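Student: Could you build the full structure based on these sequences and the hints that come with them?
Residues per chain are reported as follows:
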Amino acid sequence: MTGHPRSILLAFTALLGLLAAAVPVAAEQLIAEVSTRRVAIASNFSGTDITIYGTVRRDAASVSRAGGYDIAVMLIGPRRTMVTRRKDRVLGVWVNRDWRTYDAPSFYALATTRPIADLAPEAQLDALQVGIDHLILPEGIPGGVEILAGAAEFRDAFFEHQRHAGLYSEYPGAVRVLGSELFTTTLPIPAEVPVGRYAARIVVFSDGSPVAEHVSDIEVTKIGFEQQTADLAAHQGVIYGLASVLVALMTGWLGGVLFRRD
Amino acid sequence: MLLYLPVAEWPVNMFVIFGLGAAVGFISGMFGVGGGFLLTPLLVFSGISPAVAVATVSAQVVASSTSGAISYWRRKAIDWKLAGYLLVGGMVGSWVGVRVFALLRTMGQLDLVVGLCYVVFLGFIGGFMVVESVGALFAARSGETGPPKKLREHNWIHGLPLRVRFPRSRLVISAIPVVLLGTGIGFLGTLLGIGGGFLIVPAMIYLLKVPAAVVVGTSLVQMVVTMSFTTFLQAAQNHTVDIVLGLLLMVGGVIGAQFGVQIGQRLRGEQLRALLGLLILSVGLRFAYDLVVTPMARYTVTVQVGSAP
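Chains as they are written, first to last, in this note's numbering: chain A, 1 to 262; chain B, 1 to 309.
Simulated from the structure, these hints should not be mistaken for laboratory data. What you are looking at is a predicted structure, and each value in this text was computed from that prediction instead of being measured. Be aware that one or more of the hints could be misleading.
Not close to chain A: a few residues of chain B, all C-beta gaps over 10 angstroms, as computed [claimed, not checked]: (1) Pro161; (2) Leu188; (3) Lys209; (4) Ala212; (5) Leu291.
Not close to chain B: a few residues of chain A, all C-beta gaps over 12 angstroms, as computed [stated by the list, open to error]: (6) Ile31; (7) Glu33; (8) Gly68; (9) Asp98; (10) Ile132; (11) Ser169; (12) Leu178; (13) Asp207; (14) Val215; (15) Asp231.
Chain B regions said to be covered by chain A (calculated; three or more residues, Cβ under 8 angstroms) [claimed, not checked]: (16) 3-15; (17) 167-179; (18) 224-238; (19) 241-249.
Note that the Cβ used here is the ideal one computed from N, Cα and C, for glycine as well.
Tutor: What follows is the structure in structure tokens.
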């Protein structure tokens, strides 16, 4: 390793690689697949597991890696604008005062072969956004300005909240390596997750540098009755509203008829 | 058994929600109130977002008021003309309420305003009911009947212009306080996710001097129409009515109410009012506690309204 300039360059290459449909940045070839490309939320949905597996192939030209590979597997939810508010005491009452908005993934789960800090240098992890603490959070402050280096306490509170809600999680050591090149891991999707397009993203490290990357899309979507109801509620508000009122009136009337006392 | 709610996007235990509806239904049947003031906070407590809870309870209030209203209709204990004036105001109040609700939600102050309103209105009404009914209980025990109440005595409200005759209530009164009362209840009901029966019934008796025989039936008609309108607006504008959640609550509520009514008939009026007053007061105090005591989490995170696709 030649220090910072190179790792930043590498990070940029890695990011560019990510943008250009996950072209491997090194001679290693990463082949991966997810257990399901579509998570269907029906009325009995109580969360599910996604298994991600793959293999790292080395072509003849690439150097032999003495340290083997480290693998980070991420499941990243659709980005949302989220408001973090802080309560302050005003006249004895706790009131929401200051706030920050973050454009952040609604879900983030990470499994790795080793403790996250051991995978690569800090700057590298920052650039690759591997690890909750390394996520880039564009911050909006009251007044509408967007800055990258925001208020640490709001940032920390945001992460703490997301961890506590089970929406951000890390599983160091949860990626199992079978043999020398085959790896697999299972990440949970809790029932409370938002719907939308998820990405299963895999980064392979060797000696603290990313050598290959792969992204698969996973669609988390409501199906059947759940989807029809949600669609109707979101896009046909008038019809849904009338139907809701009708259901309420009918239920009330039916209750009155069934349990008639007079 | 877990059930995923399509609009709330939240899994709930079906039996817990059904039981919640039944328990609140039991209380509403026992005291003859809608129970929204209990149901909305309980739903929020079980993880449903306040926006969905408030909007969905308005649908539940429609269901629970409908069966009551029909029963009073059969007994012809409804002043339709008075209900008409009330619900014109009610719809205006509801329309304003839905807008204020959306605005407060965007500003992040919905919880605060809802909390303060619960403290003020529930604390005041609950406290008043407790004091009044305990006084009546003591009076009954010591055998005093007290001076006869002059219910039909006129007050300043009866001096206002635009007087209208309400033959069923044998009342001639200005339309202004009637419409304003409807507006206020419609607004508060929409904002707080309550039917407002415990607010409108005393107001009709003490302020408008409506005879007791038609008060409950008339207020129920007002509630059915105003809350139907609210449900519609919440669904159409804020997309926050979860009909699956609503249906569970309605069915539980209708069944629970039947048992509540039977218990309620065994208790005396003052006892019922004292119990209900205590219940209302304690919900108000609970909200006061939450506002004053240092919160467990000073920071809250919400998805910005309109950010989700």
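Student: None of the hints should be skipped; say for each whether it holds.
Tutor: Consistency of the hints with the structure:
Here Pro161 of chain B stays apart from chain A, with its beta-carbon at least about 36 angstroms from theirs, past the 10 angstroms limit. For Leu188 of chain B, the requirement that its beta carbon stay farther than 10 angstroms from each beta carbon of chain A is met, with the minimum near 20 angstroms. Every beta carbon of chain A lies more than 10 angstroms from that of Lys209 of chain B, the smallest distance being close to 27 angstroms; the non-interface claim holds. No Cβ of chain A comes within 10 angstroms of the Cβ of Ala212 of chain B; the nearest lies about 18 angstroms off, and the non-interface call holds.
Consistency note on Leu291 of chain B: stated as away from chain A, yet its beta-carbon is not over 10 angstroms from all of that chain's, at 5 angstroms minimum. Annotated as non-interface, Ile31 of chain A keeps its C-beta farther than 12 angstroms from every C-beta of chain B; the closest such distance is 32 angstroms. Every C-beta of chain B lies more than 12 angstroms from that of Glu33 of chain A, the closest at about 27 angstroms, which supports listing it as non-interface. Chain B leaves Gly68 of chain A outside its interface by the beta-carbon criterion, the shortest separation being 39 angstroms against a cut-off of 12 angstroms.
For Asp98 of chain A, the shortest C-beta to C-beta distance to chain B comes to about 10 angstroms, within the 12 angstroms cut-off, and the non-interface label is violated. With a closest Cβ-Cβ approach of about 14 angstroms to chain B, Ile132 of chain A is found to remain outside the 12 angstroms limit, as its non-interface label requires. Distance check on Ser169 of chain A: its Cβ is at least 16 angstroms (rounded) from any Cβ of chain B, clearing the 12 angstroms threshold; non-interface status holds. Listed as a non-interface residue, Leu178 of chain A keeps its Cβ farther than 12 angstroms from every Cβ of chain B; the least gap is roughly 34 angstroms.
Interface exclusion of Asp207 of chain A from chain B stands, the closest Cβ pair being 37 angstroms apart, more than 12 angstroms. For Val215 of chain A, the non-interface assignment is confirmed: its Cβ lies about 20 angstroms from the closest Cβ of chain B, beyond the 12 angstroms cut-off. Annotated as non-interface, Asp231 of chain A brings its C-beta within 12 angstroms of a C-beta of chain B; the closest such distance is 9 angstroms. For the segment 3-15 of chain B, the proposed coverage by chain A is satisfied: 7 residues have a C-beta within less than 8 angstroms of a C-beta in that chain, meeting the threshold of three.
Given as covered by chain A, the segment 167-179 of chain B fails the check, having 0 residues with a CB less than 8 angstroms from a CB of that chain where 3 are the minimum. Proximity of the segment 224-238 of chain B to chain A, defined as three or more residues with a beta carbon under 8 angstroms from a beta carbon of that chain, is established by the 9 residues found. With a cut-off of 8 angstroms between beta carbons, the segment 241-249 of chain B has 6 residues touching chain A; three or more are needed, and the interface restraint holds.
In summary, the structure is inconsistent with hints 5, 9, 15, 17 from the numbered list given earlier, while agreeing with the others.
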